[in-house]
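> Whole structure, please, built from the sequences with the hints as guidance.
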Amino acid sequence: MNWNKVYGLSLRHFYLIKSSFPRILDLIYWPSIQIFLWGFISKFFTLSSSYYNNTVGVILSAAILYDFLFRSSISYNMMFLEEIWSRNFTNLFISPIKIKEIIAALTLTAIVRTLIGMVPAALLAIPLFGVSIFKIGLPLISLLLSLYIFGITLGLLVTSGLIRFGPSFENIAWASLFFLAPLGCIYYPIEILPEWLQVIAKILPLVHIFEEMRNILINDIISYTQIFLAITISIFYFMLGVAVFYISYAGAKVRGTLINVGE
Amino acid sequence: MKLEVKNLEKKFKNFTAVKNINFHIDNGQTLGVLGPNGCGKTTTIGMLLGLIKPSNGKILIDDENFENLNREKILSQFNFASPYVELPKKLTVKENLEIYGRLYGVKDLTRRIQEVSDDLNLSIFLNKKTGELSSGQKNRVSLAKSLINNPKILFLDEPTASLDPDIGDFVRNYIEDYKSKNKVSILLASHNMKEVERLCDQVIMMKEGEIVDRGTCQSLIDKHGRNNLEDTFLKLARNKNELE
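Taken in order, these protein sequences are the chains called A and B.
Mind the numbering: the first sequence is residues 0 to 262 in numbering that gives the first Met the number 0, read in order.
Mind the numbering: the second sequence is residues 0 to 243 in numbering that gives the first Met the number 0, read in order.
Read the hints as simulated data drawn from the structure, not as lab findings.
Some hints here could point you the wrong way.
As the list claims (entries may be wrong) - To give an idea of the chain A side of the interface with chain B (calculated C-beta under 8 Å), a few residues:
#: 1; residue: Asn3
#: 2; residue: Tyr6
#: 3; residue: Arg11
#: 4; residue: Ile83
#: 5; residue: Ser85
#: 6; residue: Thr89
#: 7; residue: Val118
#: 8; residue: Lys252
Said to hold, decoys possible - One-sided excerpt, in silico: chain B residues whose CB lies under 10 Å from chain A:
#: 9; residue: Lys9
#: 10; residue: Leu48
#: 11; residue: Leu50
#: 12; residue: Ser54
#: 13; residue: Gly56
#: 14; residue: Ile60
#: 15; residue: Arg70
#: 16; residue: Glu71
#: 17; residue: Lys72
#: 18; residue: Phe79
#: 19; residue: Glu97
Claimed, not checked - Lysine-lysine pairs mimicking DSBU-like chemistry, simulated, CA-CA at most 30 Å apart:
#: 20; chain 1: A; residue 1: Lys97; chain 2: B; residue 2: Lys88
#: 21; chain 1: B; residue 1: Lys10; chain 2: A; residue 2: Lys252
#: 22; chain 1: B; residue 1: Lys106; chain 2: A; residue 2: Lys99
#: 23; chain 1: B; residue 1: Lys93; chain 2: A; residue 2: Lys99
#: 24; chain 1: A; residue 1: Lys97; chain 2: B; residue 2: Lys234
#: 25; chain 1: A; residue 1: Lys99; chain 2: B; residue 2: Lys234
#: 26; chain 1: B; residue 1: Lys106; chain 2: A; residue 2: Lys17
#: 27; chain 1: A; residue 1: Lys252; chain 2: B; residue 2: Lys206
#: 28; chain 1: B; residue 1: Lys206; chain 2: B; residue 2: Lys57
#: 29; chain 1: B; residue 1: Lys206; chain 2: A; residue 2: Lys97
#: 30; chain 1: B; residue 1: Lys234; chain 2: B; residue 2: Lys5
#: 31; chain 1: A; residue 1: Lys252; chain 2: B; residue 2: Lys88
#: 32; chain 1: B; residue 1: Lys10; chain 2: B; residue 2: Lys206
#: 33; chain 1: B; residue 1: Lys5; chain 2: A; residue 2: Lys252
#: 34; chain 1: B; residue 1: Lys127; chain 2: A; residue 2: Lys17
What you are looking at is a predicted structure, and each value in this text was computed from that prediction instead of being measured.
We put the CB at the ideal spot given by N, CA and C, even for glycine.
Below is the structure:
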C-alpha cells in the first residue's frame with residue numbers, strides 16, 4: 000500500500016469539498032433535516048407510547064445512527080460517481096494506483112464527508128430535543144465503527160455495480176440502503192418481524208447494532224457479545240464487498256466497460 | 000522504451016473489435032494510428048493502457064509481456080491525454096496536477112508542476128478552476144497531466160481535436176519539441192492528417208478492427224498514388240477490397 004497515492008486520491012475529494020460552500024452545506028443540510036423530523040416524531044412517541052415512556056431519545060438516537068450509516072454509504076458512492084460525472088474515470092484507472100489504494104482512499108475520505116454532516120446534526124439534537132447520542136458512552140465508538148464498515152461495504156457493492164453495469168446503475172446507489180432498512184430493525188425491536196424475516200435480519204449487522212443501542216439506552220446494560228457480533232459481521236461483509244469489487248473490476252476489463260464508464 | 004503488440008485481438012461476445020493486429024513502437028519513435036470511427040483505435044489504446052483485457056495476443060514492453068510485469072511500475076511510465084477524458088472541473092489546475100503527480104509518484108512535484116506549467120504556458124492559470132478554462136487551455140492542462148511523470152510511452156488520442164489553428168500548432172510544436180528532448184515513444188491516434196504527417200515516423204491504418212496498411216506517411220502516399228495522406232486515408236477507408 001502506497002500511502003502517498005492514497006493521500007493523493009483523498010486530496011482530490013478534500014479539494015472538491017473545500018472548493019464549494021454549497022457542497023458543504025448539502026452535507027450538513029440533510030442530516031440536520033433528519034434530526035428535526037425524527038426529533039418531533041420522537042417527542043410525540045415519548046409522550047404517547049408506554050414502550051418509549053422514560054426513554055427519551057431512543058428513536059432520535061436510532062435516527063442519528065441510521066443517518067450515519069446512510070451518509071457513510073452515500074459518501075462512498077458519491078465520491079465514485081464524482082469520477083464518472085467529471086469524466087475523470089479513465090485518467091484514474093490508467094494511473095499506477097492499485098485497487099486496494101482506491102478502496103483505502105475512498106474509505107478514509109468517506110468518514111470525513113460523513114462527519115461533516117453528522118457532527119453538527121448530533122450536536123443540534125442536544126439543545127433542540129435534549130437528546131445526546133453521546134449518552135451511549137464508549138460503546139458508541141464500537142457501534143459507529145460497525146455502522147461505518149457496513150456503510151462502506153454497501154458503497155463498495157454499489158460501486159462494483161457501477162463498474163460492471165456503468166452509470167445506469169446509479170439509481171441503485173440511492174435505493175440500496177432503503178432496501179435494507181426494514182430488516183435493520185432501526186426503530187423497532189426484532190420481534191416485530193415475522194420469524195422467517197428475523198432469521199435473515201440476524202445475519203445483518205444492523206439488527207445487532209440497533210438492538211444494542213436500545214439495550215444501552217433503555218435497560219442501561221452493555222452486551223459486549225452483541226457489539227463483537229456486530230463488528231465481526233460488518234467485517235465479514237466488508238471483505239465480501241472487497242472481493243466483489245475486485246471481481247467486478249476484472250469483469251469490466253474483459254467486457255471493456257471501464258472505457259464506456261469513463262467517456 | 001519499446002512497445003510491441005503481437006497478434007492482439009479483442010472480442011466482445013460475437014463482435015470482434017480488434018482482429019489480430021501487430022505493430023511496434025521503437026524507443027523515441029512516434030506511431031500514428033489512423034482509421035475511421037469505430038475501427039478499433041480506442042479499444043486498442045484501452046488494451047495498451049490496461050483498461051481492457053485482450054482476448055488473444057501479447058503486449059510486450061521492452062520485450063517483456065505486460066501481463067507478467069508489475070502493472071503499477073509499467074503504468075507509472077505511461078501516460079495518456081485525450082480531449083474526451085477530462086480532469087475534475089471543480090479543482091484548480093494546480094490541484095489536478097498535484098493529485099496526478101502524487102498518483103504517479105513524481106519526485107520534487109512542486110518543481111515539476113512549475114516546469115510543465117511554464118512549458119505549456121499554464122502558469123497564469125494554475126489557480127484557476129479547470130472547468131473555467133477554454134477548450135484550448137483545458138487541452139494543454141490535459142497534456143500537462145500526461146507529461147507530469149515524464150512518461151516513457153505517451154498515448155495521445157486526438158490531442159488537437161477542436162482546437163483553433165493557432166493553439167493546435169502550439170500543441171504540435173510542443174509535442175515535437177518534447178519528443179526531441181525526451182526520447183519518448185508516442186502512440187498518436189488522430190484524424191488530422193497534417194498533424195500525423197508532421198509528427199509520426201510510422202503509420203498504421205485500421206479499418207473494421209484490422210490493420211489494412213502501414214508504413215511511413217510518404218511511402219503510403221506513394222504506394223497509393225495520392226498527393227497527400229488525407230487522400231490516401233480516404234482511399235483506404237472507403238475501399239478495402241482494392242487493398243485485397
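> Can you confirm whether the C-alpha distance between Lys127/B and Lys17/A stays at or below 30 Å?
holds, 14 Å
> Compare the distance between the alpha carbons of Lys106/B and Lys99/A with 30 Å, and conclude whether the hinted pair is satisfied.
Holds, at roughly 22 Å.
> Under 10 Å is the threshold here; is the Cβ of Lys9/B close enough to any Cβ of chain A for the hint to stand?
holds, 7 Å
> Close enough to count: is the Cβ of Gly56/B nearer than 10 Å to one in chain A?
Constraint on Gly56/B not satisfied, violated at 14 Å.
> Given the hint that Lys234/B pairs with Lys5/B, test it: the Cα-Cα distance must not exceed 30 Å.
holds, 27 Å
> For a C-alpha distance cap of 30 Å, please report whether Lys10/B and Lys206/B respect it.
holds, 15 Å
> Are Lys72/B and chain A close enough, Cβ to Cβ, to be under 10 Å, as the hint says?
holds, 7 Å
> Could you grab the alpha-carbon distance between Lys252/A and Lys88/B and see if it respects the 30 Å cut-off?
Distance of about 26 Å is within 30 Å: holds.
> Are Ile83/A and chain B close enough, Cβ to Cβ, to be under 8 Å, as the hint says?
Check failed: Cβ of Ile83/A comes no nearer than 11 Å to chain B, outside 8 Å.
> Does Lys93/B pair with Lys99/A here, judged by a C-alpha cut-off of 30 Å?
holds, 26 Å
> Decide if the proposed pair is consistent with the structure: Lys206/B and Lys97/A, CA atoms, cutoff 30 Å inclusive.
Violated - the C-alpha atoms of Lys97/A and Lys206/B are around 34 Å apart, more than 30 Å.
> Does Ser54/B meet its interface restraint, that is, does its C-beta lie within less than 10 Å of any C-beta in chain A?
Interface hint status for Ser54/B: holds (8 Å vs cutoff 10 Å).
In this structure, the hints that do not hold are numbers 4, 7, 13, 14, 24, 25 and 29, in rising order.
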